[in-house]
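Here are the chains, one letter per residue:
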Amino acid sequence: MNDGSVQQTEFSLAALQAGDKAEFARLVDVYSGPIYRLALKILNDPLDAEDVLQETFLKAYRSLAGFEARSSLSTWLYRIAVNEALMLVRRRHPEAISIDQENDSDESAPEPMQIVDWCCLPEQEMLTAEVRKFLDEAIQRLPESLKVVFLLRDIEGLSIRETVDTLGLSETAVKTRLLRARLNLRNQLSAYFGERLTEKKRI
Amino acid sequence: MSEQLPCKHLVESLSDYVDGTLDENLCSELERHLRECEDCRVVVDTLRKTIDLYHHTNPTPSMPVEVRDRLYQRLNLESFLKKRG
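Respectively, the protein sequence lines represent chains H and V. The working numbering numbers the first residue of the first sequence as 1 and each following residue consecutively. The working numbering numbers the first residue of the second sequence as 1 and each following residue consecutively.
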């Protein structure tokens, strides 16, 4: 999917569960980057992201013996990381809505759709540092429950099934949140690029 | 594709549609509608472009070396860090 997504790598579960440090180091080597990136996007703070990164692998190391391989190792690691990150979010912002709630409280109020066709903008205008910054900020403006789903599915490249397993939500909830996250971002980008189109016409 | 339009129910199918996993019948219904509704076409095109931009521009810098070093220290894996140079 994107350049940052992790290829599935084979690990020896027997070695990991026997406490083989070399195998665990290999696991850390493959997944520390994606987990740090995910935590950074959820928390938007490098120090918090580093905490989550360390806690994730400490917990993983301690709980490997009990890992029953009902999900893949990567899904299991993502789940630990997401839980750690969301715990920090709740501590920092106790008012934030819980991701675990299946019923989304703001379901009834969809935003009006922005209808601006900005697909015609030249590619080089969409790939500037400024646009990249806006893309990042737009993710941060998503409600927490939508943000995590979008990050796992569209940034980390997990499948719907893997996202379901990671978050412990139903498939319907994941799909609904993914759609709402994508439509929300599309709206934000439409407003942003729409302004540029208007500016162009003025010149 | 705003709330007052008859195509509102099609909004629910958009994620599956752009991912190429939409049920065949719904897919034909949606595509038939897209041929007639300019607004929906714009929504679908810009939705696809939005996801595309996120897939192809990953603005987050990779993990800093010092973060990696501290992680390996915390996990008592420094020896494996050194081996990798």
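Any given hint could turn out to be false.
[Claimed, not checked] Distance windows between CB atoms, simulated:
# : chain 1 : residue 1 : chain 2 : residue 2 : range
1 : V       : Glu38     : H       : Ala15     : 55 to 65 angstroms
2 : V       : Thr57     : H       : Glu195    : 31 to 41 angstroms
3 : V       : Glu12     : H       : Ala15     : 25 to 35 angstroms
4 : V       : Ser79     : H       : Pro112    : 57 to 67 angstroms
[What the hints assert, rightly or not] Example chain H residues on the side facing chain V (calculated, C-beta under 10 angstroms, incomplete):
#  : residue
5  : Leu13
6  : Leu16
7  : Arg26
8  : Val30
9  : Phe150
10 : Leu178
Derived by calculation from the structure, the hints in this document are not laboratory data. Note that the coordinates shown come from a computational prediction; the quantities given were computed from them, not determined experimentally. Positions of the beta carbon are idealized from the N, C-alpha and C atoms, including for glycine.
Quiz item: Holds or violated: is the Cβ of H/Leu16 closer than 10 angstroms to a Cβ in chain V?
Solution: Nearest chain V Cβ about 13 angstroms off; hint violated.
Quiz prompt | Minimum beta-carbon distance criterion (10 angstroms), H/Arg26 to chain V | solution = holds, 8 angstroms
Quiz item: Does the hinted range 25 to 35 angstroms hold for V/Glu12 and H/Ala15 at CB?
Solution: Once the Cβ atoms are compared, 46 angstroms apart, the range 25 to 35 angstroms for H/Ala15 and V/Glu12 is violated.
Quiz item: If you take the shortest Cβ to Cβ gap from H/Phe150 to chain V, is it below 10 angstroms?
Solution: This hint holds: H/Phe150 lies near chain V, its Cβ roughly 8 angstroms from the closest one there, short of 10 angstroms.
Exercise. For V/Glu38 and H/Ala15, compare the CB-CB distance with the range 55 to 65 angstroms and indicate the outcome.
Key: holds, 59 angstroms
Practice problem: Tell me if H/Leu178 is really an interface residue toward chain V, meaning its C-beta lies closer than 10 angstroms to one of theirs. | Solution: This hint holds: H/Leu178 lies near chain V, its Cβ roughly 5 angstroms from the closest one there, short of 10 angstroms.
Quiz item: When you take the CB atoms of V/Ser79 and H/Pro112, is the distance between them in 57 to 67 angstroms?
Solution: holds, 58 angstroms
Quiz item: Should the interface hint for H/Val30 be scored as holding, given a Cβ-Cβ cut-off of 10 angstroms against chain V?
Solution: Violated - the Cβ of H/Val30 stays beyond 10 angstroms from chain V, reaching only about 12 angstroms at its closest.
Practice problem: So, H/Leu13 near chain V? Judge it on the closest CB pair being under 10 angstroms. | Solution: violated, 18 angstroms
Practice problem: Just tell me: holds or violated, for the beta carbon distance of V/Thr57 and H/Glu195 against 31 to 41 angstroms? | Solution: For H/Glu195 against V/Thr57, whose Cβ atoms are near 19 angstroms apart, the range 31 to 41 angstroms is violated.
Going through the hint list in order, the structure does not satisfy hints 2, 3, 5, 6 and 8.
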